[in-house]
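*Asks:* Letter by letter, the chains look like this.
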Amino acid sequence: MLDKNGIAKRIAQEVQDGFYVNLGIGIPTLVANYVRDDIELEFQSENGILGMGPFPREEDVDADLINAGKQTITALPSASFFDSALSFGMIRGQHVDLTILGAMEVAQNGNIANWKIPGKMVKGMGGAMDLVGSAKNIIVAMMHTNKAGDSKLLKTCSLPLTGVECVTKIVTNLAVLDIVDKKFRLLERAPGVSVEAIQQATEGDLIVEGDIPEMKL
Amino acid sequence: MLDKNGIAKRIAQEVQDGFYVNLGIGIPTLVANYVRDDIELEFQSENGILGMGPFPREEDVDADLINAGKQTITALPSASFFDSALSFGMIRGQHVDLTILGAMEVAQNGNIANWKIPGKMVKGMGGAMDLVGSAKNIIVAMMHTNKAGDSKLLKTCSLPLTGVECVTKIVTNLAVLDIVDKKFRLLERAPGVSVEAIQQATEGDLIVEGDIPEMKL
Amino acid sequence: MINKTVNNVTEALEGIHDGMTFMLGGFGLSGIPENCIQELVKRNVKDVTCISNNAGVDDFGLGLLLKKKQIKKMISSYVGENAEFERQMLSGELEVDLIPQGTLAERCRAAQNGIPAFYTPAGYGTEVAEGKEVRDFDGKPHIMEEAFKADFAFVKAWKGDEAGNLIFKGTARNFNPLMCGAAKVTVVEVEQLVKPGELDPNFIHIPGIFVQRIFQGEKYEKRIEQRTTQS
Amino acid sequence: MINKTVNNVTEALEGIHDGMTFMLGGFGLSGIPENCIQELVKRNVKDVTCISNNAGVDDFGLGLLLKKKQIKKMISSYVGENAEFERQMLSGELEVDLIPQGTLAERCRAAQNGIPAFYTPAGYGTEVAEGKEVRDFDGKPHIMEEAFKADFAFVKAWKGDEAGNLIFKGTARNFNPLMCGAAKVTVVEVEQLVKPGELDPNFIHIPGIFVQRIFQGEKYEKRIEQRTTQS
Numbered sequence: 001m002l003d004k005n006g007i008a009k010r011i012a013q014e015v016q017d018g019f020y021v022n023l024g025i026g027i028p029t030l031v032a033n034y035v036r037d038d039i040e041l042e043f044q045s046e047n048g049i050l051g052m053g054p055f056p057r058e059e060d061v062d063a064d065l066i067n068a069g070k071q072t073i074t075a076l077p078s079a080s081f082f083d084s085a086l087s088f089g090m091i092r093g094q095h096v097d098l099t100i101l102g103a104m105e106v107a108q109n110g111n112i113a114n115w116k117i118p119g120k121m122v123k124g125m126g127g128a129m130d131l132v133g134s135a136k137n138i139i140v141a142m143m144h145t146n147k148a149g150d151s152k153l154l155k156t157c158s159l160p161l162t163g164v165e166c167v168t169k170i171v172t173n174l175a176v177l178d179i180v181d182k183k184f185r186l187l188e189r190a191p192g193v194s195v196e197a198i199q200q201a202t203e204g205d206l207i208v209e210g211d212i213p214e215m216k217l
Numbered sequence: 001m002l003d004k005n006g007i008a009k010r011i012a013q014e015v016q017d018g019f020y021v022n023l024g025i026g027i028p029t030l031v032a033n034y035v036r037d038d039i040e041l042e043f044q045s046e047n048g049i050l051g052m053g054p055f056p057r058e059e060d061v062d063a064d065l066i067n068a069g070k071q072t073i074t075a076l077p078s079a080s081f082f083d084s085a086l087s088f089g090m091i092r093g094q095h096v097d098l099t100i101l102g103a104m105e106v107a108q109n110g111n112i113a114n115w116k117i118p119g120k121m122v123k124g125m126g127g128a129m130d131l132v133g134s135a136k137n138i139i140v141a142m143m144h145t146n147k148a149g150d151s152k153l154l155k156t157c158s159l160p161l162t163g164v165e166c167v168t169k170i171v172t173n174l175a176v177l178d179i180v181d182k183k184f185r186l187l188e189r190a191p192g193v194s195v196e197a198i199q200q201a202t203e204g205d206l207i208v209e210g211d212i213p214e215m216k217l
Numbered sequence: 001m002i003n004k005t006v007n008n009v010t011e012a013l014e015g016i017h018d019g020m021t022f023m024l025g026g027f028g029l030s031g032i033p034e035n036c037i038q039e040l041v042k043r044n045v046k047d048v049t050c051i052s053n054n055a056g057v058d059d060f061g062l063g064l065l066l067k068k069k070q071i072k073k074m075i076s077s078y079v080g081e082n083a084e085f086e087r088q089m090l091s092g093e094l095e096v097d098l099i100p101q102g103t104l105a106e107r108c109r110a111a112q113n114g115i116p117a118f119y120t121p122a123g124y125g126t127e128v129a130e131g132k133e134v135r136d137f138d139g140k141p142h143i144m145e146e147a148f149k150a151d152f153a154f155v156k157a158w159k160g161d162e163a164g165n166l167i168f169k170g171t172a173r174n175f176n177p178l179m180c181g182a183a184k185v186t187v188v189e190v191e192q193l194v195k196p197g198e199l200d201p202n203f204i205h206i207p208g209i210f211v212q213r214i215f216q217g218e219k220y221e222k223r224i225e226q227r228t229t230q231s
Numbered sequence: 001m002i003n004k005t006v007n008n009v010t011e012a013l014e015g016i017h018d019g020m021t022f023m024l025g026g027f028g029l030s031g032i033p034e035n036c037i038q039e040l041v042k043r044n045v046k047d048v049t050c051i052s053n054n055a056g057v058d059d060f061g062l063g064l065l066l067k068k069k070q071i072k073k074m075i076s077s078y079v080g081e082n083a084e085f086e087r088q089m090l091s092g093e094l095e096v097d098l099i100p101q102g103t104l105a106e107r108c109r110a111a112q113n114g115i116p117a118f119y120t121p122a123g124y125g126t127e128v129a130e131g132k133e134v135r136d137f138d139g140k141p142h143i144m145e146e147a148f149k150a151d152f153a154f155v156k157a158w159k160g161d162e163a164g165n166l167i168f169k170g171t172a173r174n175f176n177p178l179m180c181g182a183a184k185v186t187v188v189e190v191e192q193l194v195k196p197g198e199l200d201p202n203f204i205h206i207p208g209i210f211v212q213r214i215f216q217g218e219k220y221e222k223r224i225e226q227r228t229t230q231s
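Line by line, the protein sequences give chains A, B, C and D. The opening position of the first sequence corresponds to residue 1 in the UniProt record's numbering, with each subsequent residue numbered one higher. The opening position of the second sequence corresponds to residue 1 in the UniProt record's numbering, with each subsequent residue numbered one higher. The opening position of the third sequence corresponds to residue 1 in the UniProt record's numbering, with each subsequent residue numbered one higher. The opening position of the fourth sequence corresponds to residue 1 in the UniProt record's numbering, with each subsequent residue numbered one higher.
Hint data in this document are derived by calculation from the structure and do not stem from the laboratory. Model, not experiment: these values are computed from the prediction. Where hints are given, some of them may not hold.
Claimed, not checked - Below, in silico cross-link-like pairs of lysine to any residue (SDA-like), each with a Cα-Cα straight-line distance of 25 Å or less:
(1) D/Lys72 x D/Gly19
(2) A/Lys116 x C/Arg87
(3) D/Lys132 x C/Phe137
(4) C/Lys222 x A/Thr74
(5) A/Lys136 x C/Pro141
Said to hold, decoys possible - Taking beta-carbon pairs under 7 Å as the criterion, some of the chain C residues facing chain A (in silico):
(6) Tyr78
(7) Gln101
(8) Arg109
(9) Phe175
(10) Gln226
(11) Arg227
Think of the CB as a built atom: it goes at the ideal place given N, C-alpha and C, for glycine as much as any other residue.
The whole structure should be built from the sequences, with the hints applied where relevant.
*Replies:* See the structure below:
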């Protein structure tokens, strides 16, 4: 079973040379720490920077230089700043190659819910609806079950949707899955996790074909 | 009767303090030479400059600094450059206060035609359709009649339209007119030109109320 | 040159009154018009609608107006940083229209540029699409979104000249340039007000034509929400 | 950093073929991609559709392609500077789609930004509106215009770095930034190709994400159409 850093580490393997990548808040942010050094990529943050660098040293902190999670950051030499319209133009226009974001629920048809619990929690969708509405390549990073132990991989989402039929891959603490024919397909198991354990934690239909390999981390 | 410079001189009186002004090719370009010194204004050229200055000295000519008529120009200290989308955003969004342009025909309902003679001359509309489609304040600068002696102020336009019911004022070599109740209304006569001469040169309906003053130039 | 300067924030906000719709620049607390917000609190203008990506925090930014219950309705994309906001919203005291961030940006830009409406895929199949026209382009469903309408835009720039030409800094740019000229009156506060000619015309982010009033902000706290540094 | 440099114009134009749709930046002869155009002439690619505000002059710019009858269709706003163009158009050899300049710009920008369609008042009641949807917003009729679709965009910038970040100069900016990322492949030629870090990230007009290939142009004539000077 993986921890958050393990999930990030596995997702980092999905990043290809030449990719522009948008990382959501939470686990996705950690992905930046695990991308191989020999891969050329750039991180986009939708508040208006391409070429985002690591967190600053204490003396370099700048209130005018933050990421979409409102964290202070740095800019690489190849960086550029731009307004929110052009930033979402990059997203809507499918110039960003890979979007990694968290979710409360994913359905087996690729629907995703991650912005609202009616009557309880309403933080807003931020840029998530734009991202999932346009991105060609969307990886969800999340725990396989919620705090109550209920599966987050469902037949249908119960929460208000963020986007429809858009998720391409899911990496959880238990497994790597993609979506085929409106079903989850198990691709890899987390170290030490059995297929049965994954089946039990997955409410949606799960395709298990042949031997399911363990992740290589 | 006015010459081209006279028309430009009369139109210059229409420019008010604080105006952003777009000048078309031809007579409108000459207007810049006659605006009173104590008026603060800025000229916008739709190819991407606000704060256009006079023509350059020979040694300052720059191929990267032209106006919409492709003439070399200069930039004032308050100038800015921008792309064509933002430039037409200024026009479409009604941020430009006054548009002065030429025409082949104007109809008494405010229609204008100035971009095409079917089968003969097809230069294109350039920015004219955007300008007349949005501007609040459109002054047409033109000769009252064409080279064949036919009136250019018509009941209806015969040429393909550039815009509908948009012209607010017309300044010709003979007169100043505006448009009221889908008719031309005579406001001023050019020096030495009689009301009768204007009536004769105007094919559209002409309202003449009371004494028509001579222009003050 | 057309001079856009006013002497101070009091002059800059002349004409505001209860019930108006305001646009406010900024992302989180970065690039917010701090001086204008302080003045809005001071004048106690009520029942206003605010178009702003976020709603500040409990004791800074738009949170200050929320605390005094000056805001009738918020149009935002993300409001998760503000406990008082959540309380007012869940209790029904505050109307809230949550819309995708890119759509928020584009609706400002549409207002600025005289585009009354456009199509976007963002929000299709969600609550956001309810009541909106859906149309397919290239086989993919999109929803129609309209330009915002606002009375005042409050914008924070880094440098500005007397003609209203503006430059923004880093990620404090965000929604600020898009709100210039997107409301009937655009008010800009700057950290540095300079003479015409001091800004390179090739690197102006927003030309003065989109600005009605500009003034030098008195002071800037520039609070940081998440101070993260290298370990 | 993702490196976008190619060695020369030959590499830059790899993949072009007959029948494609090209976008070309520039207004008049200002800011046109001179090296790409020369290469298009040399390769003698045929039956192409060109989206470009103007059509060059008889012996420069797109006029060179027109002379060799490489162009099947022009999509432009103003073509009055070119006698050969007028001849081919009036004789029916050349298809021409004339559209308002602001609409041309916005349709490029829409393609760049993933906006499939938008509404504009420009051209309502004229030939331009024929066959297009008309809709009233605030009582004023607008027509719906769709984003362009193109195979290659050829863009000229002043300076660019290896990551594809671009800066344009003066009014040579015009349509160039709007065409970046508006076609499947964006090719940029620059007067000065520099290392990453040499351009200030705050003053980049177009980020490298919109660019697939960048190269230093071999030489620039930068011809002037109307040399006007003070008397």
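*Asks:* Work down the list of hints and note, for each, if the structure agrees.
*Replies:* Each hint, compared with the structure:
no.	hint	in the structure
1	D/Lys72 x D/Gly19	holds (8 Å)
2	A/Lys116 x C/Arg87	holds (15 Å)
3	D/Lys132 x C/Phe137	holds (15 Å)
4	C/Lys222 x A/Thr74	holds (17 Å)
5	A/Lys136 x C/Pro141	holds (15 Å)
6	Tyr78	holds (4 Å)
7	Gln101	holds (4 Å)
8	Arg109	holds (4 Å)
9	Phe175	holds (5 Å)
10	Gln226	holds (4 Å)
11	Arg227	holds (6 Å)
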